[in-house]
Amino acid sequence: MTVILNQSFTGISIGAVLLLIALGLTLTFGQMGVINMAHGEFIMAGAYTTYVLQKSISSAGVSLLVALPLAFLVAGAMGVLLEWLLIRRLYTRPLDTLLVTWGVSLMLQQLARDIFGAPNVQTSAPDLLTGNISLGGGITFANSRLFILGLALLCVLALTLILKLTPLGRRIRAVVQNRDLAEVSGIATGQVDRMTFFIGSGLAGVAGVALTLVGPIGPTMGTNYIVDAFLVVVVGGIGQLKGSVITAFALGVLQSVLEYSTTVSVAKVMVLVAIVAFLQWRPQGLYTLRTRSLA
Amino acid sequence: MLEISSVQAGYDRTTVLHGVTVSVPKDGVAAVLGHNGAGKSTLLRAAMGLIKPTGGTVRLDGEDITRLAPHQRVARGMAYVPQGQQSFPHLTTAENLQLVADGRPDGKEAVAEALDLFPVLSELSGRRAGLLSGGQRQQLAIARALVTRPRLLLLDEPTEGIQPSVVAEIEETILTLAGRGGLSVLLVEQHVGFAMRAAQHYYVLEAGRVTSSGEGGTGAEQTVRAALSV
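Sequences listed follow chains A and B, in order.
Our numbering puts the first residue of the first sequence at 5, with every later residue one more than the last.
Our numbering puts the first residue of the second sequence at 1218, with every later residue one more than the last.
Only chain B is shown next, with the shape it has when bound in the complex (with noise of 0.2 Å):
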């Protein structure tokens, strides 16, 4: 589905990443792993086109996608929900997600869709989105990526920094989507132990280079956990 290869790419001319393959399987989920500054988020940059790889290849379904915008990428089936439960923040609820639904022929089903799988969106559709909690803004932009309906969903540390009773219910739901078929989800994860249930592959990534991949799963859980605390 996804190829990433050999992908170098960082900003000015900091080099974050060196030479990253990574790939995610059609309809499964691919996890990175990796502390705090080891190239994860830039990854992920890097794959929706918001920073130019200096080297290497970014492929959707064969296609060289590498020199696209990222809402050409978008219009390709890519969605990405970035780092920091970003939003509109003077947006209201209704419009965040309608600003990405506005010129699609089935913009209105697929608001109702994202609405259905996290339904506390519906009560605060009025609401500013700057207004909401930090776990209801990362529902919020979860929803605004689903309403694209896309093929592939890159993910950045969805639950990290929001409160626990809203991590289990954004993890069912990612585990849900991810379940469902014609979904392939790239996530990008700090919880070893969400990541590993969730992904049949997993990469884990140190200061910008692949160090350790595998098959995903919970039995893979203690050789991540090893591989991350060297």
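Isolated chain A (complex conformation) (with noise of 0.2 Å):
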């Protein structure tokens, strides 16, 4: 029982740091259908902006509470700059928009290289988040994966809000289900395209702050994460906040448990062939919006 426990724990706190990753990529490509292969990048750049301001806050927590907001900003301003750059006249290209953002995201890797060097480097916890939290029973919950469980969870909640809410996010969905019909409502959609961008990339730079109190930042870091971020946004189903929610939490349950009964390797390849026969089955992912007309 107890191993059943801190194991599904384990499962939830991965799929906490899958659902951080891939909460902005609900925007960007689950609304927008952008494939944007940078996204991992934004990712390292919110790591990043942590590392560079612990090295001049002192205060471990203090740093990591004002790297929150600022990797926001950064990995958002990175994000609405690509949008306006190049993306934006490839929106009818899916396929260019990929090749075009891999190539962006090999040179963040490489200005990565040059500012911080190569090697990976690494930021200390606040002490309130380097110890366990103890049940008693042996099931003990490390404090640090709680607090990303707790930030991806307030994400989710933010997100929500500010799509079923505020005038942005009707702005957003109305954009997503029809973009002539919201120009020719007076919507300045090119506008809200860049909105979306910046805050889909900024959520990417959360994530990488939450990313660096579980493992260390390099160059890389970002591509390690990118390819299950866009498996969770396909299986959840595609403009579907919940789906991915849902698949975020399934999926590092489903990876722990196979982990704990074989090996890390094993058990990604037994994810991946879930994946590809889920979606044999439902194509279209988890969930889907039905409606009696889509025009």
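In case anyone wonders, no lab produced these hints; they're calculated from the structure.
Hints are not guaranteed to be accurate.
If you want a taste of the chain B side facing chain A, the calculated C-beta under 7 Å gives, among others [unchecked claim]:
| no. | residue |
| --- | --- |
| 1 | Met1265 |
| 2 | Leu1267 |
| 3 | Thr1271 |
| 4 | Pro1287 |
| 5 | Tyr1297 |
| 6 | Asp1319 |
| 7 | Thr1365 |
Far from chain B, some chain A residues (derived; all Cβ distances over 10 Å) [unchecked claim]:
| no. | residue |
| --- | --- |
| 8 | Gln11 |
| 9 | Ala81 |
| 10 | Val84 |
| 11 | Arg117 |
| 12 | Leu139 |
| 13 | Gly142 |
| 14 | Gly154 |
| 15 | Thr164 |
| 16 | Leu185 |
| 17 | Val188 |
| 18 | Ile191 |
| 19 | Val261 |
| 20 | Met274 |
Each residue gets a CB set at the ideal place from its N, CA and C atoms; glycine is no exception.
Can you join these two chains into the complex? Each is in its own frame, and there are hints to help.
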């Protein structure tokens, strides 16, 4: 029982990381349909923002708290720049977008190597997040993992509220559903695209901050997560926030349970096989919106 | 009010409009009639800026708006109800209207006025637009266009494919709107009877060219029918 609980929590915490890195993609890929291969590098930018801040602010706790909004702004600004410079010219050409953003991703990795050096760097976690919470009976939760779980849920809540309740959220959803109709309804769709990209990329930056708590920071750290992030969005159902949430946690728990009974690599393969089988059965993903007409 | 002069437009390398000139008088209704494929919808799309004309100009109150983006034309008082009862299907009825009202100082009143015109929408405010019937969606589309408080309304076959009981209601509303002043209408219609009842001017479009035009009114109905049957 203890093993199951511990393993489930590990799974949920893997899911929280997955969710956090996929959340930005639910906007840029899920809502806008842009395959942005440089999304992983926005995660990296968020992580390096934390690293740079920790060098200038000695308190790990303060620097982490400052890093969260700052990483959001840094990665968001990078996203806006990428959208404005390149992606907006390629909206009708998804394959070109994929290639171009992949090129940008490589350039950003090299830029990070030039600025910070090729070896991985590390930040120190605040004291509060280094320990474990013990619930007795051998069940322990790592504080840093709980923090990431809380952060992921907070981001989901914030994103849901923005999309559902704010004028910007209404505009984002409207542009996704019918771009021409949004434009003739008086919405400046180009601006909405930029704002969507800002929030989506900014969330990648926040994910980058979270990842500094569980692993090293390096120029290619984003690449390690980007495929998983795309998988979460595709399996969850493109454009569906709740699908991504459920999928992230389901994949996390599946990975963790399989890892326990096999090895990390075998578990990874089995998760991928499960995803392929699932998508054969349900190509549209976990959730799709049903309407009388999509007009 | 709106002057479309010698406009050429099309899609990719296919030219659909070959120098079309149409004008909408201030506070008046102009109707464009024609068979399927004549270029009626393309004309409205070009007037609204959804496609860029390759020749000719579009002027609103004398200002050349040919190169403006559609949302900039909306800001200048134009509104457009496209063909096919288009809506934002995953937004609720209320959100479809609120979306347009957002950021407008008179947004709340404009939504209330639009709902007064189509009371059925108030009852459906929480329902996703994609789940409404065709007639309800068209009422929503017109209401949404009106929330911008337009001076010029472009309507593309507003009663096409809608159940007869709602057609009469929509036609009455359009006539009411056009009759109360302050709004000009460019109406694309297949129903000659309704178009001629509403319009002071008509244009018959055939293969991307205006082949006949004149004063509207029910008296001109036979002339238009004859022009269309050629």
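So, going through the hints one by one against the coordinates:
no.	hint	verdict
1	Met1265	holds (6 Å)
2	Leu1267	holds (6 Å)
3	Thr1271	violated (19 Å)
4	Pro1287	holds (4 Å)
5	Tyr1297	holds (5 Å)
6	Asp1319	holds (4 Å)
7	Thr1365	holds (6 Å)
8	Gln11	holds (37 Å)
9	Ala81	holds (24 Å)
10	Val84	holds (19 Å)
11	Arg117	holds (41 Å)
12	Leu139	holds (41 Å)
13	Gly142	holds (47 Å)
14	Gly154	holds (29 Å)
15	Thr164	holds (14 Å)
16	Leu185	violated (5 Å)
17	Val188	violated (5 Å)
18	Ile191	violated (6 Å)
19	Val261	holds (35 Å)
20	Met274	holds (35 Å)
Violated hints for the displayed structure, listed by number in ascending order: 3, 16, 17 and 18.
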